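All chains should be modelled from the sequences, with the hints used to inform the complete structure.
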Amino acid sequence: MHAEFGNYLLVLAFILSICLSVFPLYGAFTKNMSLVYTTKPLVILFFLSLLGSFICLAYAFFIDDFTIAYVAQNSNSMLPDRFKISAVWGAHEGSFLLWVLILSGWMLAVSFIGQSLPKYSYARILSVLGMIACGFVSFLLFTSNPFERTLPFYPIDGSDLNPLLQDFGLIIHPPLLYMGYVGFAVSFAFAITALIEGEWNATWARWTRPWTIAAWSCLTIGIMLGSWWAYYELGWGGWWMWDPSENASFLPWLSGTALMHSLAVTDKRNSFKGWTLGLALSTFSLSLLGTFLIRSGVLTSVHAFTNDPSRGRFILFFLGIVVGSALLLFLFRSSKVKTKANFSEFSKDMFLLLNNVLFISATFIVLFGTLYPLFAEAFGKKISVGAPYFNAIFPIPMVLLFMLLGVGPLLNWKKHDFNKLKIPMLKIFGLATGLSLIAVWLMGTFYLWVFVGLALALWVALGAFYNLTLITRHKKTLRDKISGLSRSVIGMTLAHLGIVITLSGIVLTSYYSVEKDLRMAVGESQDIAGFRFHMKRMENIKKDNYRGSRVTFDVYKDGVFLKSMAPEKRFYIAGRQMDDRSRYRLDFISRSIHSTW
Amino acid sequence: MISKIVQQIIISSLLLFSIQVIGAIDSYEFKDPEIAKRFHTLTYELRCPKCQNQNLADSNSTLSMDLKQIVYEKLLAGESDEQILQFMKQRYGEFILFRPEMTKSNAFLWTGPIIFLTIFLILFFNWYRKNRMMNDE
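Residue numbers (the working numbering), protein chains in the order written: chain A, 1 to 597; chain B, 1 to 137.
Hint data in this document are derived by calculation from the structure and do not stem from the laboratory.
It should be emphasised that the depicted structure is a prediction, and the values quoted were computed from it without experimental measurement.
Treat each hint with caution, since some may be false.
Simulated coverage check for chain A against chain B, where a stretch passes if three residues somewhere in it have a Cβ under 8 Å from a Cβ of chain B [stated by the list, open to error]:
| no. | region |
| --- | --- |
| 1 | 178-187 |
| 2 | 363-371 |
| 3 | 389-397 |
Distance windows between CB atoms, simulated [unchecked claim]:
| no. | chain 1 | residue 1 | chain 2 | residue 2 | range |
| --- | --- | --- | --- | --- | --- |
| 4 | B | Asn60 | A | Ser77 | 37 to 47 Å |
| 5 | B | Met102 | A | Tyr8 | 50 to 60 Å |
| 6 | B | Phe108 | A | Leu316 | 21 to 31 Å |
| 7 | B | Gln69 | A | Gly491 | 46 to 56 Å |
| 8 | A | Ile541 | B | Asn60 | 38 to 48 Å |
Here are the simulated BS3-like pairs of lysine-lysine, each with C-alpha atoms no more than 27 Å apart in a straight line [unchecked claim]:
| no. | chain 1 | residue 1 | chain 2 | residue 2 |
| --- | --- | --- | --- | --- |
| 9 | B | Lys37 | A | Lys414 |
| 10 | A | Lys415 | B | Lys130 |
| 11 | B | Lys130 | A | Lys381 |
| 12 | A | Lys381 | A | Lys415 |
Ideal placement from N, C-alpha and C gives every residue a C-beta, glycine not left out.
Encoded structure:
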């Protein structure tokens, strides 16, 4: 019953999305207010029917309804309840339902928060979102229906949820990642609306900015959680493999970062409108491209979903329509605008645009490396482009970017007197390279990239702090200084300092990680990189849905007990799958202890 | 009764399986830390030929265990990185190399990114030079 009801709601959502993509848009063109006013109720109904459908699927998991093929493939009666919920988005069909649900959530947010928008723009924006939603829902309904039955010969028990996914990190990683992916649909819809109306100006940028920043933040957290999960679950301390699925999430992130910066220029200076619009369109297109690459199975990835050519064709078709029509509209409308460069070489505008050029280059590079094996295969050559390639190439645009990042935030719009900044910048440069040299010296071994990486990180960090002192120089007390900061300055500084931490972490773990293969028995100890690992005990464990064994290590530093680590080897009974779990501990900044077996 | 038997079978097969796995894990011990480092780099840059997208270091498949053992033995026998990579390439094709070789046929792969970056920068500065309208205050 719940399966039929869920399916019915999905069909209803499909019809509602068609209505949403037609009525408000038509109403906005014919100035028919009664049609325009259907927008909000349609969005609310659309959201509710998808939510209902999602709840039906979750309920099917909860009561172990193995007459539904998707439940039978991804759950098991022994699976703990919390994983039954996350199993809803553990594979292709369910995760796409979540994807559409999240899109409808964004639409709901726009329909409520965006009520101050001009009525016709409001209708058009939600109508464009309705079209995108319509594409996704039809994809779900026609190629990947999660409610398909196994009747009449249904299995007594389900095969299991992939053990790798039975983990807290994986419960929250996909929803946040999707919120980011899909969130860029909102900036996309704003851009399309602006193109339809032929009016894009600073107001347009001001509306788009918060939505873009929200989507970007979700995507950032989503990627970070995925990385964290890979770090402790996949073993050996890897957190970024340049796997196609990771690249698929990284592409919209890079392009979205460029978009955020260029929106700032359009908002504050009312310029580069065409460029910003183009970025808004391409960021969401890259989200779609990533979806296509991962869901169609054209690229071999560790996280690949099922291999089904009909799905690939569908998304490719949808991608073609979306990108094609957006591109046509863009070329047709934006060619009239001619942008003049009314700023000098040394100005915030210039640095923000260079940021854009570098981010776009980085996007291209990652896209190129990810797709290259596909092209090569078309010419009958099977090659792999993996982490060593990206690690060698990707730093090139990034080094340039970090060099600019240390200076950019300090500059004025339009024009900045270079001589005013010369002395402080020289001081920051000296301080950054000096401190970096000391840090590398303290680490023991000199690596050029660690020195460069840390110097750049310090350069950016010191620049950011110098910027804060400049902004607050008129305030007397520290309290006034802090409370006087605008939210945009706080956000910018936090984001840039986040980059500093990321960069330092990357160079330090890449070069100073220690990895050893050792054979140990209970009671033995090993000294590795200043830490003593004592193998305390080995025990068998028995849980609801798995058996296994666990080894407990005590870690000591200079004879002082730090922490116990307990990696496990699990055997999942239902799916007959082995899974290694590693437990780690972070020991401030530079050294992370990792044990796997 | 039957469930008991099934349970017994499961547990005994589990035990059997875990013993096999433990047996399959080899520890690679090196006297020379320089060689240990090369071992890690090589197993990181070689792709497990039958896995989805994993390197030898991360993969626990029997094939990559065997390949790791080969890398280990060849390193101890004093072969160079280049020799080992060539050996692997001859056996499994270029597909096994996660770092594509810098050969003529891969020239575009390695130069492409730098070309893109240069083109984008040139286009931008060219546009800037042409459209610049700065009236000095």
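Hints, one by one, checked against the model:
1. 178-187: violated (count 0)
2. 363-371: It holds, with 4 qualifying residues against the three required.
3. 389-397: Result for this restraint: holds, n = 5.
4. B:Asn60 with A:Ser77: 37 to 47 Å: Violated - the Cβ-Cβ distance for asparagine 60 (chain B) and serine 77 (chain A), about 28 Å, lies outside 37 to 47 Å.
5. B:Met102 with A:Tyr8: 50 to 60 Å: Distance hint for methionine 102 (chain B), tyrosine 8 (chain A) holds at roughly 58 Å.
6. B:Phe108 with A:Leu316: 21 to 31 Å: With Cβ atoms ~25 Å apart, the hint holds.
7. B:Gln69 with A:Gly491: 46 to 56 Å: For glycine 491 (chain A) against glutamine 69 (chain B), whose Cβ atoms are near 52 Å apart, the range 46 to 56 Å holds.
8. A:Ile541 with B:Asn60: 38 to 48 Å: Distance hint for isoleucine 541 (chain A), asparagine 60 (chain B) is violated at roughly 20 Å.
9. B:Lys37 with A:Lys414: violated, 51 Å
10. A:Lys415 with B:Lys130: holds, 18 Å
11. B:Lys130 with A:Lys381: violated, 43 Å
12. A:Lys381 with A:Lys415: violated, 51 Å
In summary, the numbered hints that this structure violates are 1, 4, 8, 9, 11, 12.
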